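Between the sequences and the hints, there should be enough to build the whole structure, so can you do that?
As given, the protein sequences belong to chains V and D, one line each in that order. Letter 28 of the first sequence, counting from 1, is numbered 28 in the numbering used here, and no numbers are missing. Letter 63 of the second sequence, counting from 1, is numbered 1063 in the numbering used here, and no numbers are missing.
If you're looking for bench data, these hints aren't it; they were derived computationally from the structure. Just so we're clear, the structure is a prediction, and the values are computed from it rather than from any experiment. A virtual CB, placed ideally from N, CA and C, is assigned to each residue, including glycine. Be a bit skeptical, because a hint or two may be false.
Take a look, some chain D residues computed to stay more than 12 angstroms from chain V by CB distance [what the hints assert, rightly or not]:
{"#": "1", "residue": "1039"}
{"#": "2", "residue": "1119"}
{"#": "3", "residue": "1192"}
{"#": "4", "residue": "1247"}
{"#": "5", "residue": "1249"}
Cβ-Cβ distance ranges computed for the label pairs, FRET-style [claimed, not checked]:
{"#": "6", "chain 1": "D", "residue 1": "1180", "chain 2": "V", "residue 2": "49", "range": "41 to 47 angstroms"}
{"#": "7", "chain 1": "V", "residue 1": "55", "chain 2": "D", "residue 2": "1094", "range": "45 to 51 angstroms"}
{"#": "8", "chain 1": "D", "residue 1": "1141", "chain 2": "V", "residue 2": "71", "range": "37 to 43 angstroms"}
{"#": "9", "chain 1": "D", "residue 1": "1135", "chain 2": "V", "residue 2": "298", "range": "40 to 46 angstroms"}
{"#": "10", "chain 1": "D", "residue 1": "1132", "chain 2": "V", "residue 2": "70", "range": "49 to 55 angstroms"}
{"#": "11", "chain 1": "V", "residue 1": "81", "chain 2": "D", "residue 2": "1183", "range": "45 to 51 angstroms"}
{"#": "12", "chain 1": "D", "residue 1": "1255", "chain 2": "V", "residue 2": "13", "range": "47 to 53 angstroms"}
{"#": "13", "chain 1": "D", "residue 1": "1145", "chain 2": "V", "residue 2": "55", "range": "45 to 51 angstroms"}
{"#": "14", "chain 1": "D", "residue 1": "1141", "chain 2": "V", "residue 2": "246", "range": "52 to 58 angstroms"}
{"#": "15", "chain 1": "V", "residue 1": "67", "chain 2": "D", "residue 2": "1067", "range": "38 to 44 angstroms"}
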Amino acid sequence: MTGVSRLDNFGAQLLWRAWDSALPDSAEIPGNLRAVFERLAHTEVAVPPRPLGDGILAPILAVGRSVLRFRNHLGDFVVLLGQLAIDAAFVFRHPTQAPWLEFSANLFKVGVRAMPVTALVGFLIGVVLSYLSALQLKAFGADVFIVNILGLGIIRELGPVLVSVLVAGRSGSAMTAQLGVMRVTEEIDALSTMGISRYLRLVAPKVAALTCAMPLLVLWTSAVALFGGMVSARIQLDIGFSFFLETLPRVVPLANLYIALLKGATFGLLIALVACHFGLRVKPNTESLSANTTASVVSAITVVILVDAIFAIATRNIGVPI
Amino acid sequence: MSGAVIELRGLSTRFGDVWVHRGIDLRLEAGQVTALVGGSGSGKTTLLRQMVGLLRPAEGEVRLFGEPLFSGGRLEQAARRRRFGMLFQQGALFSALNVYENVAFPLREMRTLTREEIDDLVMLKLAMVELRPEHALLMPAELSGGMIKRVALARALALEPELLLLDEPTAGLDPDRSAGFVRLIRELQRQLGFTVVLVTHDLDTLAALSSRIAVLAEGRILAFGTLDEIVQIDDPFIERFFLGERSRAALVRGKEAN
Ligand SMILES: Nc1ncnc2c1ncn2[C@@H]1O[C@H](COP(=O)(O)OP(=O)(O)O)[C@@H](O)[C@H]1O
Ligand SMILES: [Mg+2]
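Here it is as structure tokens:
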């Protein structure tokens, strides 16, 4: 080895293994490299510890853990609801403590700021829905039923769900992330030491603002979507705006609008509650922040669709012309 | 009434199966500057969080200003919390608010002050922590570590608290800045006369600021007394902490600064 001038640990280790952990008598090692091998000879190579697996019980343990995690979520959620109820009672007795400023700021953020994007998506969905329906209706010569399809479909079903999905992605994730970051930077603790309830100051305004903003957004988006559908119907089926608007109230009973508004408020409430629930669960590290934000959006959309199904069953006899 | 500002009675803290504190008794008198020292992970921050009610004791109780920390209705508890200020290790400034708004926040919470009064008070507090008026509009993300601590100190002092809790006030500052910050706290403490509890690893800070030292180890208070009393105690942890070569030099430096 006289030709070698430098040797790193990895190289030395390779040789050392090949030599079965001893210097062969025949090896000629330059003086400056001897130290490397001596170090190897004196250190016992430890085996890095591997995390213990669950073995064959893994699937059972996984089920058990997810049940416990679910129970844990449920417990936290009940605490959240309880605290909000306590705070509501407190504000009722001390109206000056109501967080109006935060409420209006949140209303602007989740309501007004969401208007362009919901309008754009609503318009396009309206156009596409109208276009596809028109193709079918034309084949049967049932052109005028486009009003029924669009009116019922958008107002009763599509509007609220569409807005919920957009709002969960837009405002729900923002709420979770905001609470989470405040958790990571200890801002929530700083608030507590000032004697300010996080539920009253951070959670309640968000929940109230989204519950109020969602019905309005649903109204707005459904209107724009209907407009999109109208435009498309006029181009394809030659159905004029005035005919469309005159027919709409006749074929879509008003009850559908009330159902839509009720759905909007309910979905808004649920999205905000779910978002805040996950936001407050964030542990002070970035991994937990991203995991909870994702979970928040996915859970919010799932919950909305589940509750929408419940609505569909509960209101199956209301507002549907037979 | 006794002059105890903070009194811990048989306080224990538990996280899951781990006991961080077991039966801590501690009485801190008004006007004193008490340093809480101990190894990393010995539960100093946790003890501070117990004192301000961010955690609930598993056993025992915390009394603040002679009353149990969690006694009284919601408004009474909020009023009690306005009597102390806390400086978090990372500052915990509200990242969505600028420097001015951060310091104004606790003042606005009083809901009794006018705009002009708040303006005046905020500028006064900023001057007290040696920040210039043009810093008022910066966001927390634009501040250096030392400035964050100053702003956080200004916010903690906004309501002129009787008690100030500092978690590692000089950690992460270079020696020059940390000496400056220590001098600032000492001067403010002499002027305003509040009680201070601080957690620190830094012996310079310790010697320069504290009138009492509480040593936390193995979940209990190992010793409590003045620096001179503490160094007399025969205990391996205390010896390692205070009597090493570097420690002695730091203590001498700190005392000279005092
Ligand atoms: N929220 C928590 N959950 C679980 N363990 C915690 C929590 N906070 C602190 N601990 C544990 O308590 C011990 C004391 O922490 P801490 O008070 O931060 O120590 P330090 O003295 O360094 O400030 C550590 O072992 C830490 O892991
Ligand atoms: Mg700490």
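Do the hints match the structure? See the list:
1. 1039: 21 angstroms, holds
2. 1119: With a cut-off of 12 angstroms, residue 1119 of chain D remains clear of chain V, as the shortest Cβ separation is near 18 angstroms.
3. 1192: 19 angstroms, holds
4. 1247: At roughly 30 angstroms from the nearest Cβ of chain V, residue 1247 of chain D sits farther out than 12 angstroms, so the non-interface label holds.
5. 1249: The claim holds: residue 1249 of chain D sits with its nearest Cβ about 34 angstroms from chain V, beyond 12 angstroms.
6. D:1180 with V:49: 41 to 47 angstroms: 45 angstroms, holds
7. V:55 with D:1094: 45 to 51 angstroms: 48 angstroms, holds
8. D:1141 with V:71: 37 to 43 angstroms: 39 angstroms, holds
9. D:1135 with V:298: 40 to 46 angstroms: Taking Cβ atoms as reference, residue 1135 of chain D and residue 298 of chain V lie about 42 angstroms apart, which means the hint holds.
10. D:1132 with V:70: 49 to 55 angstroms: At roughly 54 angstroms between Cβ atoms, residue 70 of chain V and residue 1132 of chain D fall inside 49 to 55 angstroms, so the hint holds.
11. V:81 with D:1183: 45 to 51 angstroms: Once the Cβ atoms are compared, 50 angstroms apart, the range 45 to 51 angstroms for residue 1183 of chain D and residue 81 of chain V holds.
12. D:1255 with V:13: 47 to 53 angstroms: 52 angstroms, holds
13. D:1145 with V:55: 45 to 51 angstroms: With Cβ atoms ~48 angstroms apart, the hint holds.
14. D:1141 with V:246: 52 to 58 angstroms: 57 angstroms, holds
15. V:67 with D:1067: 38 to 44 angstroms: 43 angstroms, holds
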